[in-house]
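A.B. asks: Construct the complete structure from the given sequences, taking the supplied hints into account.
The lines below spell out each chain.
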Amino acid sequence: MKQTTDLQHALRRLAQMLPREAGPATEQRVVAAFRARRKRSPRAWIYAALVASLVLASAWFLSRHPLPPTLTPASNYPAAADFMPLPYAQSDVPLEQAVIVRVKLQPSEWVALGVPAAPSKTGTAISADLLIGQDGIARAVRLVSVP
Amino acid sequence: MRPLEKLSAKDHLTDPDLLQLSSTGDEEAFVILYQRHQGPVFRFALHMSGRRETAEEVTQDVFLALLAGLRRYARDRGPLQSYLIGMARHYVRRYLASSPLVAELPSRNHEQLFDHINTEQELSTLRSAILKLPPNYREVVVLCDLEGLEYAQAAEHLGCAVGTVRSRLHRARAFLEARLRKRERCPV
Numbered sequence: 001m002k003q004t005t006d007l008q009h010a011l012r013r014l015a016q017m018l019p020r021e022a023g024p025a026t027e028q029r030v031v032a033a034f035r036a037r038r039k040r041s042p043r044a045w046i047y048a049a050l051v052a053s054l055v056l057a058s059a060w061f062l063s064r065h066p067l068p069p070t071l072t073p074a075s076n077y078p079a080a081a082d083f084m085p086l087p088y089a090q091s092d093v094p095l096e097q098a099v100i101v102r103v104k105l106q107p108s109e110w111v112a113l114g115v116p117a118a119p120s121k122t123g124t125a126i127s128a129d130l131l132i133g134q135d136g137i138a139r140a141v142r143l144v145s146v147p
Numbered sequence: 001m002r003p004l005e006k007l008s009a010k011d012h013l014t015d016p017d018l019l020q021l022s023s024t025g026d027e028e029a030f031v032i033l034y035q036r037h038q039g040p041v042f043r044f045a046l047h048m049s050g051r052r053e054t055a056e057e058v059t060q061d062v063f064l065a066l067l068a069g070l071r072r073y074a075r076d077r078g079p080l081q082s083y084l085i086g087m088a089r090h091y092v093r094r095y096l097a098s099s100p101l102v103a104e105l106p107s108r109n110h111e112q113l114f115d116h117i118n119t120e121q122e123l124s125t126l127r128s129a130i131l132k133l134p135p136n137y138r139e140v141v142v143l144c145d146l147e148g149l150e151y152a153q154a155a156e157h158l159g160c161a162v163g164t165v166r167s168r169l170h171r172a173r174a175f176l177e178a179r180l181r182k183r184e185r186c187p188v
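Residue numbers (the working numbering), protein chains in the order written: chain P, 1 to 147; chain C, 1 to 188.
Treat the hints as calculated values from the structure; they're not laboratory data.
The C-beta atom is built at its ideal place from N, Cα and C for all residues, glycine as well.
Mixed in with the good hints there might be a few duds.
[Stated by the list, open to error] For the chain P half of the interface with chain C, some residues (derived, Cβ under 7 Å), not all of them:
1. Ala10
2. Lys104
3. Asp135
[Stated by the list, open to error] If the Cβ cut is set under 10 Å, some of the chain P residues that face chain C in the computed set are:
4. Ala22
5. Thr26
6. Leu62
[Said to hold, decoys possible] The calculated label-pair distances, taken between Cβ atoms and stated as ranges, are:
7. Leu50/P with Ala9/C: 46 to 52 Å
8. Gly136/P with Gln20/C: 37 to 43 Å
9. Gly78/C with Ala36/P: 27 to 33 Å
10. Ser63/P with Gly159/C: 35 to 41 Å
11. Ala36/P with Asp11/C: 23 to 29 Å
12. Cys160/C with Ala59/P: 55 to 61 Å
13. Arg12/P with Glu27/C: 53 to 59 Å
14. Pro134/C with Ala36/P: 36 to 42 Å
15. Arg12/P with Cys160/C: 20 to 26 Å
16. Arg71/C with Gln106/P: 45 to 51 Å
17. Ser124/C with Ala36/P: 51 to 57 Å
18. Gly78/C with Ala112/P: 33 to 39 Å
C.D. replies: Laid out in structure tokens, this is it:
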């Protein structure tokens with residue numbers, strides 16, 4: 001018991017003898033790092049403002065530029081088949097304001113869309129209508145008999 | 001200890017509040033946090049490594065890591081000091097893996113050295129014995145015997161059960177007593 005008391009007494013003396021706090025140089029380095037970090041990182045509202053301006057600029061750009069010339073409104077052309085839903089294109093957004101866009105697709109692009117077999121074996125492009133939801137995701141495709 | 005005139009209105013804020021302010025760039029809040037917790041972190045690293053230089057580096061690393069992840073600390077992970085001591089454990093072990101343990105005692109002038117030579121020899125022996133303990137045992141001696149924490153506080157810092165702290169401390173003290181007895185028998 002006495003040995004333990006002596007040990008604890010010696011441990012207390014040892015604790016008192018050693019330095020208790022880090023030196024001022026360490027504090028200076030830590031504070032300098034804090035200041036450097038503050039200079040590097042702009043506040044969150046700057047990020048928010050940047051994102052908002054990007055969104056606005058994108059919306060303005062899209063409103064000023066028409067669709068690419070290869071995309072033709074589909075209403076002028078007769079359709080030869082029903083729409084086939086595209087696999088992997090199911091969206092949580094309900095289809096409310098769909099747009100039909102006529103495009104020309106190479107056989108390899110049919111496969112890329114998930115249609116199991118390309119409708120043409122000659123390798124020529126085939127017209128098709130894409131049903132595109134208001135979220136910009138193509139939901140279905142149909143083969144068109146080109147006039 | 002900071003002088004009284006430097007006390008500010010933010011001194012009474014809790015650690016999470018100070019962290020929140022620090023994350024918005026409030027330097028004063030971060031300095032208060034540093035000054036509140038650097039002592040225990042520094043002493044833990046000093047007792048574990050035996051070197052002041054390492055303790056200063058560990059203290060710096062711990063607060064730089066806190067700075068880098070100010071938003072990462074979650075209140076439900078326990079007190080900030082346990083979080084900081086946990087980081088200090090990690091850094092100390094990394095330092096210990098790359099450099100040998102050396103016990104340094106604070107320097108004194110020649111007159112004091114003569115007066116205290118016996119005491120210093122004893123304390124040097126004790127310090128060397130502490131540094132020879134396995135890290136798990138050394139941690140509990142540092143926290144409970146040198147820092148004076150309760151078993152429950154030490155258990156929280158170390159992330160283990162109170163019973164584990166108690167049993168490790170019992171074995172560590174037995175080891176230290178054995179070393180000191182051996183030293184008494186063979187002083188050279």
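A.B. asks: Now tell me, hint by hint, if it's right for this structure.
C.D. replies: So, going through the hints one by one against the coordinates:
no.: 1; hint: Ala10; verdict: holds, 5 Å
no.: 2; hint: Lys104; verdict: violated, 51 Å
no.: 3; hint: Asp135; verdict: violated, 32 Å
no.: 4; hint: Ala22; verdict: holds, 4 Å
no.: 5; hint: Thr26; verdict: holds, 5 Å
no.: 6; hint: Leu62; verdict: violated, 35 Å
no.: 7; hint: Leu50/P with Ala9/C: 46 to 52 Å; verdict: violated, 34 Å
no.: 8; hint: Gly136/P with Gln20/C: 37 to 43 Å; verdict: holds, 39 Å
no.: 9; hint: Gly78/C with Ala36/P: 27 to 33 Å; verdict: holds, 29 Å
no.: 10; hint: Ser63/P with Gly159/C: 35 to 41 Å; verdict: violated, 57 Å
no.: 11; hint: Ala36/P with Asp11/C: 23 to 29 Å; verdict: holds, 25 Å
no.: 12; hint: Cys160/C with Ala59/P: 55 to 61 Å; verdict: holds, 57 Å
no.: 13; hint: Arg12/P with Glu27/C: 53 to 59 Å; verdict: violated, 36 Å
no.: 14; hint: Pro134/C with Ala36/P: 36 to 42 Å; verdict: holds, 39 Å
no.: 15; hint: Arg12/P with Cys160/C: 20 to 26 Å; verdict: holds, 24 Å
no.: 16; hint: Arg71/C with Gln106/P: 45 to 51 Å; verdict: holds, 49 Å
no.: 17; hint: Ser124/C with Ala36/P: 51 to 57 Å; verdict: violated, 40 Å
no.: 18; hint: Gly78/C with Ala112/P: 33 to 39 Å; verdict: violated, 52 Å
Checked against the numbered hints given earlier, this structure breaks hints 2, 3, 6, 7, 10, 13, 17, 18; the rest are met.
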